[in-house]
Structure formats: structure tokens, C-alpha cells
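Residue numbers (our numbering), protein chains in the order written: chain A, 401 to 710; chain B, 401 to 710; chain C, 401 to 710; chain D, 401 to 710.
Simulated from the structure, these hints should not be mistaken for laboratory data. Some hints could be false.
Since the list can't tell identical chains apart, any single copy or any two copies may satisfy a pair.
Once the Cα atoms are required to be at most 27 Å apart in a straight line, the calculated DSSO-like pairs of lysine-lysine come out as [said to hold, decoys possible]:
(1) Lys680 - Lys524
(2) Lys524 - Lys565
(3) Lys524 - Lys489
(4) Lys524 - Lys484
(5) Lys484 - Lys680
(6) Lys661 - Lys680
(7) Lys524 - Lys467
(8) Lys434 - Lys492
(9) Lys659 - Lys467
(10) Lys467 - Lys661
There are 4 protein chains.
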Amino acid sequence: MIRTDLALEAKEMYHETAGSVTEIEGVRARTEDKEGLTITTVDILNEKGKKALGKEIGTYITIEMPKFKEYGHAFYTIGSLELKKQLLKLLKALNIPPNADILVVGLGNRSITPDALGAKVTDKLIITKHLHQLAPEAVQDLGSVSGISPGVMGITGIETAEIIKGLLSRIHPKAVIAIDSLASRSMERISTTIQLSDTGISPGSGIGNTRDTLNQESLGVPVIAIGVPMVVDAATLAFDAVTRMPASPFRADQETFDKIKSSLSANIGNLMVTPKDIDKILNQMVNIVSSGINIALHSISLDEIDSYIG
Amino acid sequence: MIRTDLALEAKEMYHETAGSVTEIEGVRARTEDKEGLTITTVDILNEKGKKALGKEIGTYITIEMPKFKEYGHAFYTIGSLELKKQLLKLLKALNIPPNADILVVGLGNRSITPDALGAKVTDKLIITKHLHQLAPEAVQDLGSVSGISPGVMGITGIETAEIIKGLLSRIHPKAVIAIDSLASRSMERISTTIQLSDTGISPGSGIGNTRDTLNQESLGVPVIAIGVPMVVDAATLAFDAVTRMPASPFRADQETFDKIKSSLSANIGNLMVTPKDIDKILNQMVNIVSSGINIALHSISLDEIDSYIG
Amino acid sequence: MIRTDLALEAKEMYHETAGSVTEIEGVRARTEDKEGLTITTVDILNEKGKKALGKEIGTYITIEMPKFKEYGHAFYTIGSLELKKQLLKLLKALNIPPNADILVVGLGNRSITPDALGAKVTDKLIITKHLHQLAPEAVQDLGSVSGISPGVMGITGIETAEIIKGLLSRIHPKAVIAIDSLASRSMERISTTIQLSDTGISPGSGIGNTRDTLNQESLGVPVIAIGVPMVVDAATLAFDAVTRMPASPFRADQETFDKIKSSLSANIGNLMVTPKDIDKILNQMVNIVSSGINIALHSISLDEIDSYIG
Amino acid sequence: MIRTDLALEAKEMYHETAGSVTEIEGVRARTEDKEGLTITTVDILNEKGKKALGKEIGTYITIEMPKFKEYGHAFYTIGSLELKKQLLKLLKALNIPPNADILVVGLGNRSITPDALGAKVTDKLIITKHLHQLAPEAVQDLGSVSGISPGVMGITGIETAEIIKGLLSRIHPKAVIAIDSLASRSMERISTTIQLSDTGISPGSGIGNTRDTLNQESLGVPVIAIGVPMVVDAATLAFDAVTRMPASPFRADQETFDKIKSSLSANIGNLMVTPKDIDKILNQMVNIVSSGINIALHSISLDEIDSYIG
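Next up, chain A with everything else stripped away, as it sits in the complex (with noise of 0.2 Å):
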């Protein structure tokens, strides 16, 4: 029904449902503030966890950076910090050094400002798989990172997982890291959150149909995804404004969400709902993401990346 992308809204919407805050079987979460952020982990342990959520078995980290559109610049530096630190910790958890051969994916519709991501992230990563061969001496101290933004099904004609998995029967990184937008229920988190799973992801996610998806068991090698909320369903807009408004009669519930759709518009399940300046937020975000993976993956400091970059 309600759609989300971040585990953290699937536990919230879950409590919601629920009335209560107790612990869900199969579930472990854990919070931490810090320097204006706030670091939720949940850990999805089992099939009932994974029930209970909606969402595949693992581990899911989300940054919010409740004050970023405030104080966008404070929190460039604070957040590719963290970032870096979190996929260090993935990345460690899989038995990855840094260091290790990667490949980098970006997902989602460059022509899409909210969908767009993925590619713009991939833009901005210091490539260095094929100096690692033809220059070597160049980039000794430069981790083997490669990188691919194929482009939606929608302009290829072809599945996404298809490519990357025919991509991987020629080169053999340790792991792929996903980039992609995703949808979130809440407009507050729009740009002002990340989340890393290490579970994989279905590419559009965030926008359009979901397809088939990018994870260890369809590739045969990890999946760090890394998402950013950019859109809120209509749909979901709809079933807030009805069942939130105060004294509505229209409970929370399947009833409602169909009832919407026939009185209001069966085509509100293909519009999406996304800010205004999404063009600065996109910016800001692929910044923090672009900057986080470079550090994390080639151990240089911030103010090293845009000497490497171009």
C-alpha cells in the first residue's frame, strides 16, 4: 500500500499499524545522535523480521541530517564523513578492504532531476580500475574503483540487472556498490537522508516500475546499495492528507488507499511528488554521496578529491 524505500520508515509504519512501540520479533534496531545527525541501524535477523517489514534480510543504516537544507554547508563535511565511516563498516562486515577492486553503479534516468542520482554520482568517482593496469604508478595510493551508469530500461531496452550481471561475467570487482533515488513516505526526508543496506536493491525503486533485483544471490557478489530519498508517492501524499487530517473519518487502512485512487484519480500511482529546487538538493546530495564513496574507497581527504576529478 504505502510505499517506502527506508527500512526505518518500514519499522516507524510498522509501530504506527501496530500501536505500539514494543519490539518486533526478527528485528533489531539501535540509534545514535550525534553532530546534528541521527544513525538508526536496523538489523532485519529472520524470515519473521523480514515479514514484519516488508524488507529483505539485513542490515540497513540511515543517516538524517534533519537540519541539512538549513545549514547545507555546515553539513556537506559532517555528512561524507559519516558516510564514509558507515561504508567502511559495510564494507568490513563483508571481509572488503577499502583497497579492494569495486564497481560502481549508478541507477535511475539522468533525464529525471529527482532520478538522476545514481549517474550523477558515478560523474563525479575517481575511476582507476584500468590505470591500476595501463598507469599503475599513477594511482599507488588510489583504490581499483570502475563505474557504469546504464541508463533505465525505458532508454536501453533492456533490464538493467542484465547488463550488470553480463558485465560481471567479464570483470570480477569484490563488490558492487548501487547507487540509486529512492521514494520515502515522509516529505521531511526527502534530501536530508541516506540509507546503506547491505542487501542489494531493484533498480527504480524510486521511480517507476521496480525490476529485477541487483543483490549478492542475482550477482554472485556483494551489494552495498546506497539510496536517497527524492520522491514521495502521490499516492502516499493522498493517504496522508485524508487519514491525517484531524477528525477525518478515513482510517489508515487498504479501504481508504482504494478508495482514493477510484474517487480521486486512477492515474495517481504513476505522478510523484518531489521539492521544488530539486535541482540544489540533487547537487548537495550528489556531493555528500560522490565525496563519501571517494574517501571511503581511495583513503584520501576531502580536500583531495577535486584535484582528482576531470
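Guided by the hints, dock chains B, C and D onto chain A, whose structure is given.
Only chains B, C and D this time, still in chain A's reference frame:
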């Protein structure tokens, strides 16, 4: 409250609120159906009409192509030819011959997909003004067209109206045609509708805050606006959801609107609703609008356009 | 020494060096003039021909449009139709029906204007492969086309040939059409010439270092290459300048070539020569090539293309 | 004959032709070496100097970074800081405080890689002019900067100088900073050199035909030009090839230049020479120039830039 940039919708909302379809004093409207298109002309005749609909005095022509999304390819030609016809009609009413010197201003932000219409249409125009001086024989059969997409105030730091006023102190076209994305109140009209008017336009109507108006009064030359609804305000969507549910206790009035803001999110005013396939819709509308303008101002056929571009 | 990607020029240079126009063993060539176009077909028949011209065995068709720059608009239609005709001829010779499943690969670097041809042509193709599965009725009259522009090795860190080989382990088109910018030896041929061949192509022929070849042998399916000369090597320009001056004491040989490098700049090999109006030329050639492919593979007319795009 | 936009090279060519390094009347020059940079200041003092070098009276500062291509990352910081220093020096000489209201004009054609410098630098500036009115507390520590990249005459149909003159009838900055790609005579200076001057600039110096000049006389405010050589004229390359060959009988004079045109190609004037990796070079120079301007006009550190962008 509910915002629409379409005079057609302003009229519909007036009737809705009044609960009647009686004529509105100071407003004259007529509708014509043909080839799957509906052409509605709304004339706002005087201050009474202006007050009733909240739109400037003048003529608004709406070309609705309801089946456009289904039969995109069939409607490209029909839409372009109809836009040409209506544009020439407006120019004629202003006593401007189609081959007169004309400046096209592409409004909006190139970096936000639904707001990029103006800039992208300008990119595809056959620009000839300079050639009439430098290589007159090459363009002797074409009109004299110049074009500029100055970028929004957030990018330039300058009001768009200031940039255009300044430009018009140096060049002296017979008319300005301003292209922009619009906001409609109805999700169904996104991308199926083109509005032409002789009343000018406020940059940022579709997205962002309204800025200084471009019209005959401010610029000193006639301004024809061509707009395409690309977004709906998120607050409008929420309002429709709340008031249109069967058996809803919430009336379509200001009180409900205020409650939505306080109960849902004060932030809702900064959000827009747009189709998930906005990239395709944008390309299609850019093709139709740029082609319609090219064949109108240069007296060429649709087939000849591609050969002049590039 | 002197580099050209055109078999036509390789043949001309052979005759120049040999000081004769006698037939070259293992090479067959014929020329046809029509409607301002010159169509030259060079067949390299065997190892002797291959050695003589330094090109792979196979068929090379060159469409020359010498008046293209002057009469751009007149030649758009003529060029697209001729490209369609020659492409269908090559497909037929390979026993591939035009509506067979075909993968188009856009080679080159989107960020360098003269090298962007492949990516930009791919952007303008009517992509239908996925729709034949998802919405077959919408594309029942169209061919089955997929497309990918993976980006050059400097951007991805991966050999383009590896990406395509991988992809072909997952999808199984009847042929690959690879589009790329080429280098010619002659300034006059930039942007007035299209070469088709059935011999495959090495990414980066036009710009950058030559990489692993895409051809039937490496990919396992027939590869038709379509290329447009967009640059001349700077060393070629210098060589021509030095050897073609009236009363020049410098002969057109390797010794002179080496002297140029040592006396002028060792760096000259990293430079390319390109027209100052390369943006317009690129757009025109992208229009002609993409249109020619669209009407060949989808059996539609030029008029219908715009309605399918977007 | 040989074209260069660098005063430094004009001076070198004068000495070359004169066969001497004696001082030129009306010209004063001094050179400073530091940290791998060479800073040359050429003052053209009067009409005699102007005639000798073919450049306007004023100050030209050249920052040469010969090792830039090898040690790109090390020079990013050094180059940005030096540009800041020299820009502040020029502003100070004009009695303009760094936080004065300043308009930056990005010249050139965004669609041609070597000509995109001006537009891309403008994209990366921290634009604040409007915020000083709308949200003064958010920018109280920053300067007041506006920016526009109007596009070249071939795109707009209007002389760039006309657009800027018009704009300056509406806004009244204390100075204009104009950014453009330049042509140098030397292949080695492409992308390793930045020239600042207080003499204004003619749009299209680097590429295309020279247009009306932007300078204090034409605009009524001081114009500081910042340019980076991105191309060499093809005719210059051919001339160098012909005249610099060991034992060449061709003298470096007008006669030889004319022979090149007639024997090689009359078309050579429409060609430019540019590095094959122009995309990387462009990005690097855009980073250095935009960063240098941002830290000069906003009195911030290099580290703070990214946090303000987007």
C-alpha cells in the same frame, strides 16, 4: 488557494464554487472540438471578468489533446499544426506579420525536468535574426527570430524581467513570445494541454515563486505567452484528496486548505507533483511547441524543420 | 603514419604513394554519383588487399555529401534515405531482416563534442526491445531495437569491448550496429561523409587510443559499423602542411613525419583538429544518422520519427 | 597573421620577429617564479606598446602552470589561490572592494567542449546578489555576485555585447568579470595557463569570429577578463610545422602564411586544434577558475566552496 495557471481551469473552478454554469459577467468562452483536440478560447473582457477568474484581461486559448499520451505519435503533427494556427491568429490580432522580428524567451530552470520546457524549446528554434544582417541570402525566405533562456533568478541572481527589459533597450522586436512550464489544478491536464495568451506571463508560474511579470505594460511590446502544464501543486493534490473522497466531511474551502497545511506539513507548499515519465512528456511537448513556433514564424513545413536545426 | 579510418582514403593514399591508379590486388572499388551524393564501395577481398590498405577484409561503403555544409537542409532527407538504403543492403547481405532484434552501441565520449556522435545518435533512436515483451501491441509494426552508450574507458575504468561482450552473454541480438566518430586524413571530409562497414570497429578510432575491436570474431554476432569523420589528427595536418607546400623539399615519407614530431612538438599526437562550428555539424550528423537508422530498422517514414521520440 | 589572445605570447612573438630581447617601448614586463608557477605581468603603457603587441593598453597577468597536466591534483589548490590573489590585486587597483556587487559573464558556447569554459565556470559560482535582498542574513558574510551565460550569437541571434549592455541598463555592478576560452599560439600553453587582464575582452576570441568588445568604454564599468587558452588555430599549427622544420626554406612571414592557405586548404581558418582529452582539461580548469573566483569574491576558503554549491 488552489492554484492554476490555466484560464480554462479558473473558469471551471468558478462554476464549481458557484454551483452553476451560468455565464460569468466579463468573461466570454467558446469551445471547438476537432480531430481529437478541444480548443477553448476564454476572453476576459473587463475588470469584472478579471476579478471573477483571477486572471488578467485578454485572450486565453487552450489546446487540449486528451488522447495525447496514448497516441503520442499521431498527435505530434496535429498539435504542432494547431499551435501554429492559434499563434498566427494571436499575432494577426496584434497586427504583427509572422515574419516580423520576434524574440522568444525561454523561461524556467533547465536543471529541473518539468521546468525545462522554455529553455529546451528555445534550443530547438531556428534562430535567424543575426543572419538577416550577416548572410541575408541564406535566410531570405525565413522570419527573423532571436532567442534567449537567461536562467532563473536562483541561477543568475537577477530577476528575469530585468534581463529582458535590459535586452529590449538594445533590440526592438515587434513581439516577445515567452515559453514556460505551468501549474494546473488537474492531474489529467499535465502534458496534454497547451495554453496561448496575449496577456504576458510571470516567470516561475509553474515552479518557484512568482516573479515580475513580462507583459506589454512592463516590456513595451506585445507578449504572447505559450505554456504547458507540467506540474500540480502538492497542496492542490492533498486538497482534492481530502475534499473529493465520497462522504468526505471536509468542504472545498479555505478552512480545509488551512487545516491541510497545519495537519499535514507546513512544507507542502514547496512540493510539486509531476508524472514519473516526465522526461518523455517533456521531450514530446518540446517537439510540439518548438515545431509549432518554427513553422509559424518561418512559414516552412514540418518536414523542413530538422534540416534547419544544428 | 598518417591515420585515416576511411577505407576510401586508405585507397587514395595507396594510389598517391604508388603514384598510379592501377587496380590494387585484393581490392575492388566502384563509385556511383547521384543527387549530389557520391557512393563509393570498397571491398577488401583478401589478405593482399588487407595488407595494401591496412584495413580488415570486408565491405566499406562511403556516402559523401560534399555540398552538405552549404545546403544542409536539402541534404538531410537525401542523406537519411541513402543511409537507410545502404544499411539495409548490408543487413541483407548478412541475411538479417530489418525487423530482427538489433543492438545499437553508441561509442565515444559524450563530454567531447566531436566524440559525442555515438552517444547522441543512441539517444535519438526509437528503442523498442523491452516493449515487444511488455506492450507488444504498441510496437507490433516496429522492429526490435535496444541501445547502450557505455561511455569510454576513461569514464568507466572498463574496456568498452568487455562491457559489450558481457551484455551479449545476456541478450542475443541478430546484429550489433556500432556508431562512432572517426578520424579522416582530409579536412574536407569532416562532417560530409558517412562510412558503413561490415567489418566491426575499434572504439576510440576517432579520438583517444584504439581499444579492443568489436567485430564478429570478438562478439560472435555480425557488427555493422557506422562512422562519421569528425576530426583530423594534428600530426596529419602538420604533415600535409609541410609536404604540400609548393616547392617543398620535404617528401611525404616517414622521415618527414618523425622530424615533425621532434621539431614541432612531441605532444602533437595528443591533439586533434576539428571545425569551429562542430556543435552544428554534430547535430546535423546526429539527425541524419539517427534518422537513417530509425527508418531502416522500424520501416517507418522520416515524417513519423519525431512522433515516436520522447 | 598568427593569432594569440595572450599578451605574453604577443610579446614573445615580437622578440622572435625582431630577433632581439631588447625592451619594447611602451611595454613593461616582469616575471616571478614560485611553487612551480610562473607569473608574468605585461603592462602595455601607451599607444606605442599597443601597436607593438597588437593588444589594448592595460595590465595582463599570466599564471603559467607548466607541470599542471602531470601533477594536476597538486596544482588545483596552488592555481586557485594564485588566481584569487591576482584577481584581488586587479580589483584593488581599480578601487573595487572584493565584496562589491559584481557581475560575472560566462562567454562562449556551452555545446563545444573547448568553448564551454565561461558557461561552466558561471554554473559553479556562488550566486548571492538576489539573496542580499531576499534573505540577507543567509549571505551576510558573502559578497554580492550575479552571473549570466547568454550563449553565443549563433544560438541567440543577438550580439553578446548587446545583451550585456542591456543588462547593465538595469543592474549596476561595480565591475564585470568576463570568462572565456582563448586561443594561444603554442600547443604547450593549452590548459596550463590563465590570463587575467583589466582591458576587457571580445567574445569569441578563442573560437568563432571576434564580436563587439566588452570593456570599460563599451560597458561603462571596469571589465576584468579571465581567459584560459583551450585551442590553437589550425593555421598556426600548419605555419609552425612549415617554418620550424630543420632546414626549412619557408620563412616565418606573411607570404608563407598565404601559401599555406592556398596550397593546403582555404578552409583551414575554420578549424581549431584542441587536446584529445579536452573534457578532463576543461573540468580541471573550470574547477580552478571557479574556485579562485569564489574564494576571492566571497572571502571563504577552498574547503567551504562545495558546501555553498547546489
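For each hint, the structure was consulted:
1. Lys680 - Lys524: both (16 Å within a copy, 12 Å between copies)
2. Lys524 - Lys565: both (24 Å within a copy, 26 Å between copies)
3. Lys524 - Lys489: within (22 Å within a copy, 33 Å between copies)
4. Lys524 - Lys484: For lysine 524 and lysine 484, the Cα distance is within 27 Å both inside one copy (15 Å) and across copies (25 Å).
5. Lys484 - Lys680: both (22 Å within a copy, 26 Å between copies)
6. Lys661 - Lys680: between (32 Å within a copy, 24 Å between copies)
7. Lys524 - Lys467: both (25 Å within a copy, 24 Å between copies)
8. Lys434 - Lys492: within (22 Å within a copy, 44 Å between copies)
9. Lys659 - Lys467: between (36 Å within a copy, 25 Å between copies)
10. Lys467 - Lys661: between (34 Å within a copy, 21 Å between copies)
Of the numbered hints listed earlier, not one is contradicted by the structure.
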